[in-house]
Amino acid sequence: MKLLVGYTADERGAEAIELASALVASTPDASLHIAIVLPAAAPFSAVYPGGDHGYSTILSAQVDQWAKHALTLVPEGIQASVVARSVSSVAEGLISLAQQVDADGIVLGGRKRHRAGFFMPGAIANALLHSSPVSVFMSSPTAIETLRAANGKLTRLTAFVGDRPGAKDVIELSAQIATACAVPLRVATLVLPYDVQDPDRDLDAHVQATSDYLSQLTASMELDATIDVVVGRNLDEATGQLSWQDGDLALLGSARLAAARRLFIGPKAQRILGKLSVPMGVIPNPGSDN
Amino acid sequence: MSQDLRQDSNPAAAETGLHEKGLSKGTVGVMGLVVIGISSIAPAYTLTAGLGATVAEVGTSLPAILLAGFLPMLLVALGYRELNNAMPDSGTSFTWATRAFGPMIGWMGGWGLVAATVIVLSNLAAVAVDFFYILLAQLTGHDEIAELTTNLWINIPTTLIFIAVAAFISYRGMNATKVFQYGLVAFQVAVLLLFAVMSFTSNQPFDRTPITLEMFNPAGVESFSAFAAGISLSIFVFWGWDVTLTMNEETTDPKKVPGRGATWTVLLIMALYVAVSLGVLYWAGVGTTGLGAGNPENQESIFAVLSGPVMGPLALLMSLAILSSSAASLQSTMVSPARTLLAMGYYKALPTSFAKISPRFMSPSVATFVTAAAAAVFYVVTRLVSENALWDTITALGLMICFYYGLTALACVWYFRAELFSSARNVIFKFLAPLIGGVVLLVLFFATAFESMDPDYGSGSNIGGVGMVFILGVGVLLLGVVAMIYMRITQPSFFKGETIKTYKPIK
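Protein chains in written order, with the working numbering: chain A, 870 to 1159; chain B, 913 to 1419.
Simulated from the structure, these hints should not be mistaken for laboratory data. We put the beta carbon where it would ideally sit given N, CA and C, even for glycine.
For the chain A half of the interface with chain B, some residues (derived, Cβ under 10 Å), not all of them:
no., residue
1, Tyr-876
2, Gly-882
3, Pro-908
4, Thr-926
Counterexamples of contact, computed for chain B against chain A with all Cβ distances above 12 Å:
no., residue
5, Ala-1076
6, Leu-1105
7, Ala-1285
8, Ser-1334
9, Lys-1408
10, Pro-1417
Input sequences plus hints: build the corresponding full structure.
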């Protein structure tokens, strides 16, 4: 597997490399492309007095130093290279670099931010989560802690699906990643009371039906996956019901309104992301021909 | 010479390929360059800050001095361009002066540049705050709001907030876009022209002064010291123009665009300055009472006083033009001293923490903070000890520009000393132009510094019988000498020439 790491020379960047290394470690042809993106030259904000020229030389020397350090963070056995690029938008730059090197995903280190109870990914992650053509993986300090507790190795993938038709695509892509990483797959579904008309009467039956449906689906795809259906009064509570183990990675699909082969995170997924304390990934819409 | 450059601990070409792919080439045409030039000069700001102080020195010879002040600027800028072409990868007065004259003078060149920009930052912030309150007063119709800026308890905190916001924007690496710059420049120029037109068509000028050819005669200035002070102030009003000459690879055609852009910029700016200064003289005269441009009360910020009576309700536009121009300049100028300090840190002329670059925003971190803090401290001190802080800072700024500009010009002559007479082109651009320009500026520097010891100089503020301008200007330079000696003792490698080599021609 080949991943593009959006790198900044600080803790987040180091965490991104840690997560990316865990993702590719046991896959064939494991390689990381570490991208350092810089703001584009903006001639219309001319630096006066003194000119701009000395600064760009010092900056590129600094970037070289950062690049060398970044490479030392990558464990042995994983191919790694660094590319630095000036771009007008960081998210666009990462996407175009990912396409150029034909990467299977983009990895970002991040910080969780909550605004009035809502999870807000950083501006760059947010832009990627609404436009990337490849999967986007994100870490946070707490998420990295759980990965470290598993000696930096993935132990399981958890794919979040609904009971709607899109579930099959998410499971399929998650299964591919799980196989590549040689870890078991868990399919998780959150059931809420308002999924059925009369919760008191129908909820248990609905849970059973969902569980059966997913078992049949995974069986028909010849997958060996555990099914986990949890119930909660709301999304936050349901998410909290799921059990997690060290080395878990959560995967979510794109909203149905995402363009073909593009990633567009839905409000539900965004809500779930905010609750998770394991590394997570969001996978793009597989495209209409599927 | 290229041999010599390679021996430096210069940043190596980027292995990460930044240089080949990163820099977008050539997007700025002549029109764009003119816009960049005018926005660097920020005419609405420079006129309100510099016009009054210049009138105080030279009276009705204002247009002549404005035109004459361009000459030394042009001569020095030509030398500046030669240095920029020869050493494009280290484009600051600090490195150039070090290569030409050695570490000590180079260090002072860098200090002069940083000091000049820090002074202008504090002045920009002060002007922005003044017009912020004037604009609020005009918008709400409550005149007393404009008076808030004279209350130090309101003025100083507001100014510090303006400086902090500008520093934060610089640190975050947010840049002005093309559309923003075009809009800002067009608005400034339009409002200034409107002011000129309205002052000539006014029904009842305050003190109608007929325009005469004598106003364009530099010899009409009464004394040499007034002439020197006037010129050093009018260098301030053109400060920023030379950016058009040093933009090369950013332009669509490096052979033609910089020259044409620079010419058009200076023609437009001169026309604008002459129109506005004639308008001021015609409408207000140079009388020392009431609305006269010679009234010390009016000289701190001439448009703050005149735009209302001249433009009526449209004065709102003038306030907006000056506020936007000074606030935008505050942010863009903040970048420059931060980068010079960063370079000084990188070459170990300052503690190496100055060379820190933010990995997220790719901008100087420590250096930006220090710049903003220095501008804030300078402003607070000046505001507290001087009765006329704006006026004195502008005069001190003129002094500082003369110093580092003069030094840079002479660095050009000395750096190219082995090839000065190898072609007619070199004789003009590497020898005569920078030599004359540099000598003129340094003479102005010493003459103004000497004059400014007089307690009556400038606004008339003084400490212990020594003029405020002298204390600000020369004091800051002496502070630089102390800092340099301290650095030389604690971190001698730069001063031993280990980080930047002084150029010696190969015989």
